[in-house]
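Q: As given, the protein sequences belong to chains R and F, one line each in that order. Going by the numbering used here, the residue at position 60 of the first sequence is 60; the numbering climbs one at a time, nothing skipped. Going by the numbering used here, the residue at position 233 of the second sequence is 233; the numbering climbs one at a time, nothing skipped.
FYI, nobody ran anything at the bench for these hints, they're computed from the structure. All clues given are correct.
In silico DMTMM-like links for lysine to aspartate or glutamate, alpha-carbon gap of 25 Å or less:
| id | chain 1 | residue 1 | chain 2 | residue 2 |
| --- | --- | --- | --- | --- |
| 1 | F | Lys105 | F | Asp87 |
| 2 | R | Lys173 | F | Glu340 |
| 3 | F | Lys173 | R | Glu334 |
| 4 | F | Lys289 | F | Glu240 |
Calculated Cβ distances over 12 Å to all of chain F for the following chain R residues:
| id | residue |
| --- | --- |
| 5 | Glu110 |
| 6 | Pro339 |
| 7 | Leu352 |
We put the CB at the ideal spot given by N, CA and C, even for glycine.
Number of protein chains: 2
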Amino acid sequence: MVEKQMTIKNDRFLKALRREPVDCTPIWIMRQAGRYLPEYREVRAKAGKFMNLCKTPELACQVTLQPIDRFPLDAAILFSDILTIPDAMGLGLEFLEGEGPHFSKPVRTEEDIVQLPTLDPEQELGYVMDAVRLIKKELHDRVPLIGFSGSPWTIGSYMVEGSGSKSFSNVKKMAFNTPELMHRLLQHLAHSVSDYLLAQMAAGVDVVMIFDTWGGMLSTPDYHAFSLVYMQQVVRKIRENTAFSHIPMVLFTKNGGMWLESIALTGCDAVGLDWTIDIGSARERIGDKVALQGNLDPAMLYASPQKIEAAVADILNRFGSHYGHVFNLGHGIEPGIDPEHVSVLVDAVHRLSRR
Amino acid sequence: MVEKQMTIKNDRFLKALRREPVDCTPIWIMRQAGRYLPEYREVRAKAGKFMNLCKTPELACQVTLQPIDRFPLDAAILFSDILTIPDAMGLGLEFLEGEGPHFSKPVRTEEDIVQLPTLDPEQELGYVMDAVRLIKKELHDRVPLIGFSGSPWTIGSYMVEGSGSKSFSNVKKMAFNTPELMHRLLQHLAHSVSDYLLAQMAAGVDVVMIFDTWGGMLSTPDYHAFSLVYMQQVVRKIRENTAFSHIPMVLFTKNGGMWLESIALTGCDAVGLDWTIDIGSARERIGDKVALQGNLDPAMLYASPQKIEAAVADILNRFGSHYGHVFNLGHGIEPGIDPEHVSVLVDAVHRLSRR
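Using the sequences plus the hints, can you model the full thing?
A: Here it is in structure tokens:
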């Protein structure tokens, strides 16, 4: 398997994740296969429901490759969703126009939790593995492929709320009033996420990332108790599997800037940073225990090319001359961004970081 | 004026803000006069538009006193809104049902900014000062009265976006592409906010607080350049006025946990903390330079009385035996909270912190 990774033509991203020397800082962009690309919108329009795009390996492959064909990005990321697991558990996932994800059967009671199935990823989530295999084939090892999952807390929050939320009152009610129930759900999800990521690894992804979108809604002790501990379990379970010990793992908690030290101690290889964190002080706090991924304000892509360049230079400067930096936005790219500005960004990162 | 503050019967809150000994930790609750109270909903229903409530001193006074009459809270806060300034500037503020604030005339161009009037708070915002005077009269010095304003950045964000936003793309476009324009707007707002808070002080408030709801949407350097520097200007301008040097100032940046040290250096007396920050490590980082206000997760009020008590005990423990703690939620109380749970909270804070 290590040999397989060696065959990847542009391996800057993998090297940076290992804090090894690189010729320049690698970059990929969260949600790089997304609505800001006209070619994506075209496929999306034809696909009908959003989940059709995820569930049809040919389409998922097509949109995964679109940004790689257009920009000299250093990694591809599987086109999928962080809610594939609860969808496969039969909770009735729908994406409502302008409202985001919605589950017709939210998980609220002990009975709901007990009834959740244990997934076999190659079965119920076989479409994801098929997409990975197809993308790997079509990618021709140009760049590494990133697989991913939502974190147990983030997936669990959606399952309990039944949708996105501002206050997360339902999931917090469960966490605060019946923590044993919350932990039972999160434990189940930690197993599901581990199995899911291991299956993605077996199918061929070169890196995995865990998106903890909602961990930052918790207080510091609750973040550690309900989110971080389960991400750590996932990391450990995956690391027990020596066949995949060469596959780097990236953890990203949005609004997790205060907890970077704890995140770095999970055994992950890299920590994703949102844009509010100063990457220089993040580096100072964490040292070279892990690589850092981030962290341009996604809204900076609305600015002029000169401003984008200056912002890139600032982040590269703040990170300093160490190895172990993967450039990215601090959150997903927004639909209104001009693709030309993405070109400017990718070029600026490579050019300004050239050794 | 100092003597006037001396006459306040329950002055625990003022003492805590000065880091002086108190018999127990004072508590007030952000948005304590709000929809979770049936008596508030009654007045609100009769008032028609939300701004009528703010603009009718008798009604503002009535709802300000409701939580004080119901709970043994240690401070009252003026019932008003953080958008009174742009409303008085003629931007056409409306509160749309379920959508929050909306301006019919957002500020987007140099011309828009140049045309913004300089407010005389006793004129255009006279209803606020009338409310302060009436509340002070009706409060009979039972507890101190808090006045407040939005921060220049937060008010400016609403003015440029025309409403709340997820991405803040319009205001960030202005900040990144035409920073000189952004700074001109923020400079104007810093003057307006200073004048507004000075007028509230002259009308009788005992403490002022600045709510920086959207500073946390900025990167670290942008937070310092576009939000913090203008809050600092406001603090300095107010502190130049020796008549009010005894009136404590509290700054609160939501999602500002990474910047506490900088906030504490503005010259404010206290820093408000959202619930994601560990108040123990906040205290360690800041020392006793300022008092700290916070920081229970607002969703904890959905939990059972026993859980609420345990969460209160945890925060009191984390803060430790120092003086200079004002208990509060980490964000406004939510409409769905049972008022009985607020009773439990207030009682727990007083009882568990009793010296």
